[in-house]
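So the protein sequences, as listed, match chains A and B. Just so you know, this note's numbering puts 474 at position 474 of the first sequence, and the rest follows in order with no gaps. Just so you know, this note's numbering puts 1110 at position 110 of the second sequence, and the rest follows in order with no gaps.
Every clue listed holds true.
Covered stretches of chain A (chain B as the covering partner; in silico rule of three or more C-beta atoms under 8 Å from a C-beta of chain B):
1) 12-18
2) 62-74
3) 104-114
Since the hints were made in silico from the structure, they are not lab data. Glycine included, every Cβ here is placed at the ideal spot set by N, Cα and C.
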Amino acid sequence: MIRKLFVPLVAVLGLIFIVSVALWLLGGEKPGKLTWEIKTKKTVMSFAYKAYGNPTAAEGRWYLSKVVFKNEGPGPVRNVQVSYNIPNWVTWTTPEKFPEILPGQTVIHCYYPQLPDRVTELTSPKTATLEIKINWEEGGQTKEEIVKKNFDLRGVNEIEYTSLPSNEIVTWYDMFENSDLFAAMVTTDDPVVKTFAAEVTKFAGGTTAGAGGGGQEVLRLMKAFYDYQVATDMHYASAKGVPEKLGDVRTLIQNVRLPREVILNGNGLCIELAILWSSVMEHLGVKTYLCLIPGHAFTIVVSDKGEWYPIECTGIGGAGIGGNMDFEQALQAAAKTLQEAQVRKLIDVQGLQREGIRPPELPKIDLKTVQDTLARRMQQPRQPDTPPDRPPPQQPPEVVPAGDFRLFTHPNGLFSFGYPKTWQTDMQQVRNIQQIAPWYIYAAADPVGGLGVEAYYFKETNDIQEALNQISDLVERGGGSVELEAGIEVKIGGYPGYKCSGTIRLPMGQQPWLALFVSTKSGVIGLATSCPAMTYDRNKGLMEKILQSFKPK
Amino acid sequence: MYGFLILMVLAQESISQDILLRVDDQGDATIEIQFQLGAKSWIQWRNLYGDHPDLLRRDLIHRFSKLEISDITLNRDDMNRKATATLKARGEARYRGAGRFEIEIPGTWKKVTGPGRETVFSSSEVVDQGVILQQTVKIVLPEKAMDVKLSEVVDGQATLSYTLPQSGGLRPWPILAVVSLLGLIAVTALRFTVGKA
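From just these sequences and the hints, can you work out the full model?
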């Protein structure tokens, strides 16, 4: 039997063997096809270089580059490797290896560059190049490709408050989506801050119990720090706060000095003084939050029992508002501000630093000079309260002197009005709004103080109430509401008009407004001004002045 | 993770959310996030996101740009102040070859049950003055997942790893060649053994 079947069996098995070996050798495995998409950040904020180098910071969102590999072929792709190089900054990294990517599979790789400390020596933006080398095996062949992407390393003091494009900014929170990075500016362990904190401790009587001392000890420490700043003539340097609302995109990139610079210069913006407060308090073992509200920033100091002590850091420099606040007043002012804030952003310094948003290693500095400077300030009496370079603290003041106006005239000469020369206009924003509200003609805003003016022209109606309704509809579509609180009938340029006031409530806060409307032959023309609620009393005069400049033709 | 869905609210209360993460054979995940709020927080949340799912989508993609997120949907239950967001995250589990996959787990998550095909974690953090965000995260692996392991936390991260039967499949040609060769040897041996007998 076996003799009869031997030949055919050998023939069949031999044939199967030959065919199998042939198919095996001739590529029995179908080839894979590797594709990728690379997303690279356009800028890196140098002061936060440690956050960009940390995959766990903020859920890993501070990567420099993300490569999304996909195998779009029917077979596997093998031995995929990716490595990175930033000439002059980072040498080629050890390749990250993916032994196999199966058909249809996606693999994501994010690059967190270990930038050197010297990146903090940058004082202005510098372009760098990221090189990405990809190696892989596909259909039995080894392949390699190098992709290059440019990005900007920002100067060490530059913070971009948001990475969203301007036409995506809807709420106040959108403007501050990068503000957690302020935690990296709290340079608790900077030798300059340590030296400064040592002087504060000396001023406080030589000993501090820090975090373990309870509320009374924290308050004692805060008072000592505050009084030390006053005694050494540290002051509030400018009316500039953190941005209030979008003037234009440029206002969302701000130069913020690190605590060592504030210490050495003896003055700071509200955000700079708040960061200094956090740095000193955290160095002394006390937890802090940085608190951002529209147009302003301050620090909240937290005792070990969880009690919150907000402090108005700008209270130290009182020029222009009748002297500096004493410590109690600074506490009360900040508590009031915190309570009244419609929106706020709290930055948990310790929590964020623990998560990887850590302060930078800064260039070495001669500490003897720092000590001498601080000692000299201590020996000098405080300067008079009205130095020429010291503008009013705490709240952004009225931005321009009276009469320093620029005139807006409607293209068809229908009306004109004036507004401060320092205010800015974003016509792209105006055009965006015009797409849904063609009656929206013009807008200008103070990028610092948050005041604004808007002009409307409703050519379809002569009814002022109808115009007001259309404005309300637009605001409601944005998730807000308009409240009309008072109004009187007036005559302007011979036309019947209506002067009114109220409050506009938006998801990002509420603002009081003043407006004028006139019913002309060619339609209703309106002019409205608004400002943050907390500055209304001070700015009402300027708002009235803008309305008085309104002239229908 | 995904806590910001509700954190933009100036919450007056402690808040909790449940996250269900289902991983498929390719390593892609479908994520379902569910939460319930009190009256004031619900109104604030609705103003920010509930009435503007486009902004929710934008912020999810932007803030979790480390992931590849798509197919985002939002379902609201206004009567009970509940919302459920679902989304797909590609490449959530990274393939390490030889059937082995890895999922990154934040070091702050505490294991409740598992590791196994279903592993549950919880996390809790103070997000505002006295306000606590509590999260329960349930990770469901593919049906055939085996040898599930949870590593220790290193550099703020742990890894949940598992093996799937080789999804690349067996290679038929080399196997057939070996089997046919063995058959040839066996038949030849038999032929000569039987012949001698």
